[in-house]
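Novice: Throw the hints in and build the complete structure from the sequences for me.
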Amino acid sequence: DLPPIPKQIPQSSYYFNIERIDEFQWMQDPNNQDVREYIAAENEFVEMKNKLMTPGVISPLKVVSNGYEYYTMPSNYGSIYYRRKKGNLSNEEVLLDSKQFARENKQIKSVLLSTDENLLGYLIEKEGDEVGSLHFKDLSRHNNYQNEILNGVFNFLWGTNIHAVYYTVTDEQLRSYKVYAHKMGTSQRDDILIYEEKDHTSFVDITCSKDQSFIMINSNTFSSSEVRFFDAHHDMSQGAPELKLIEPRTFGLEYYVDHRDGYFYILTNADHSHNFKLARTRIENYGKKYWETIFTVKETERIEDVDLFQDYAVIFAKSEGLPVLMCYELKSSDVHQITLPTNLCAVSPEINNDYNTNIVRFTCNLPLAHETTYEYNMKARNLYSVRSKSINGMKCYPSLFLIIQNNLTDVRLGFDSNLYTSYRVHAKASDGAEIPITILHKKSLIMNHNNPVLVSSYGAYGITTDPEFQLEHFPLLERGWVIALAHVRGGSELGYSWYDQGRLMNKKNSFTDFISVVEYLISSGYSNVSKISAIGVSAGAAFNMRPDLFRVLILRVPFLDPLTSMLDPNLPLTKIEYNEWGNPLEDENAYKYISSYAPYDNISYDTTISNNFQQYNTGTSILVTAGMQDQRVNYWQALKWVSRMRIRQAKHFWPYKESNILILKIDTDKGHFGSSFNNQSDRIKDLAFELSFLITQIQ
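Oh and the sequence shown: position 32 is 42 in the working numbering, straight run, nothing missing.
Just so you know, nobody snuck in bad clues.
Derived pair list, reagent style DSSO-like, types lysine-lysine, alpha-carbon separation capped at 30 Å:
1. 585 / 208
2. 188 / 585
3. 695 / 116
4. 136 / 193
5. 299 / 341
6. 341 / 389
7. 95 / 220
8. 602 / 17
9. 220 / 188
10. 208 / 136
11. 116 / 136
12. 193 / 220
13. 254 / 298
14. 220 / 254
15. 109 / 695
16. 308 / 341
17. 147 / 220
18. 298 / 287
19. 518 / 308
20. 17 / 667
21. 208 / 299
22. 109 / 136
23. 695 / 453
24. 389 / 95
25. 147 / 109
26. 188 / 254
27. 287 / 299
28. 585 / 287
29. 452 / 438
30. 220 / 96
31. 299 / 254
32. 341 / 287
33. 95 / 109
34. 298 / 208
35. 438 / 308
36. 136 / 585
37. 287 / 308
38. 208 / 254
39. 602 / 438
40. 452 / 695
Because the hints were derived from the structure by calculation, they are not lab data.
Specialist: If you want it as structure tokens, here you go:
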């Protein structure tokens, strides 16, 4: 089977008197039959078969409220939602079962109980969609809301007045911009518009204060915030609630608000606190000039979240890219740090709905061990585990089984974490910056320049590459691979400045940092270029800059044609992302800068292999995956990039070069996040496909 060769229809456009020719622009029309046929041809080019066994079921994590235990359990179709009377093991009630929606390619996005816990609201979406239909179930069985459905909903929450539901809707660019109020028992046509955001760069979200006193309407861009609030007990029969603005938006000012005992508590970057601080103010005087700073962090630290309780504020932060948890006692202002089992991990807050408690629940996720959920008594300062997922059979399932069959010998993997190690090293960037790298491998590893390596990174939007459990790492580690998590600029591992150095006119730092990490791994004896594989947002551009460094690339939902995306303000999210990439429509410098690194615009007809590693280089095999229903990163970015590679660099891939293969796998039913987050089976199949590609191309 020969790879498909796409037709070329060159189209010219001019920006700042610069001509840009795009011979695959026709692929941007999803209704074009030629597009569908070409995608089908690419998908049929290579078909791999995978056989696997998934982990067993773990014990559920329960939330206790009003005499009931609420919990979820996984199934082949997604989650099943249960409740039962506390202490009554035999009286289990199924609230929702994902199976009933899976037949229609739908999934449960979110589930919320009303404040009196008699009504269950659940949002259902089709695969790939980002808005859905909001349904209701009456748990008291006194009323029947079975036929009450709200359509086009992006997000929702209950008011403290149980008859009110607040929800957001999106515009054509997938920007959440309107907030509606719905009174239970009435038609959606009668819903009241209570806020509309007219700034096309702002997202709107709705939250409820932890003590359930106020509803917050948050308008956020990548660089500013604006928060309005109203009484959560508002009676909708009296019309729309009165909205009060805490502080008008100012470029560069971000703030997020909660409430306790007559004070607003504000997480903000005000007053040059780029890594955020905690402030408070009386609800009568809520403007910025009244904000009183009560907690700050160091320059190398960053506050990521705050969970507010009656007596404490729990601060989730990072120091040098590693998690730090602190308890701030609200009455005395005393601060103490929660001692974690290890710092080389990822920590995230669990559901902490109970406001009047001294117990905070959070999850600690280690790179070589599955997650453990802890409860911490902030008053007694005791930490104890309440649930643990085990890889090697200690608690919840006997071992992690993953069998991959792809012209390989079947391998059954039972993972013993005691045989492996994890640690952090640093690579020096081209400008001297120290780039953190988290390393995982067998303790018996020999530094002989010949170990297979997978380098993974994100490096955009301030998103961190956390050292957390990843299912796909273990079959590789078992086979002697090294996993390297590159914490490049563009993420916020080292605070706001680390993010700022990897966006806009500094974006190339993300890619050159990625290259510096690979060069470090080679020069330090971990591997050589014939054993280096890479995955992540930065990988595509890094490959264009230094194709000699990579044996295998996996470009998953790739941002390969950013210039075309940023030149079209009608595409979803484009206007919102000007703060991340720049606006090439109005700024000539931004146009030229994006053009200089955009993967699609930098595919040459000849790849010149650097002499540095030419003795090892055998070329690169590439797997590109995308979803036809992806509304965030359009499918055509992957389609156009692969098509141009097939034309301009055909001689570097099979059949001209048998050792290298270029594969495009577009799933016509999936969206931005790949397989449904409820469908573990599909997700593992996707991972097994990628693992098969990595292993066959390197080993």
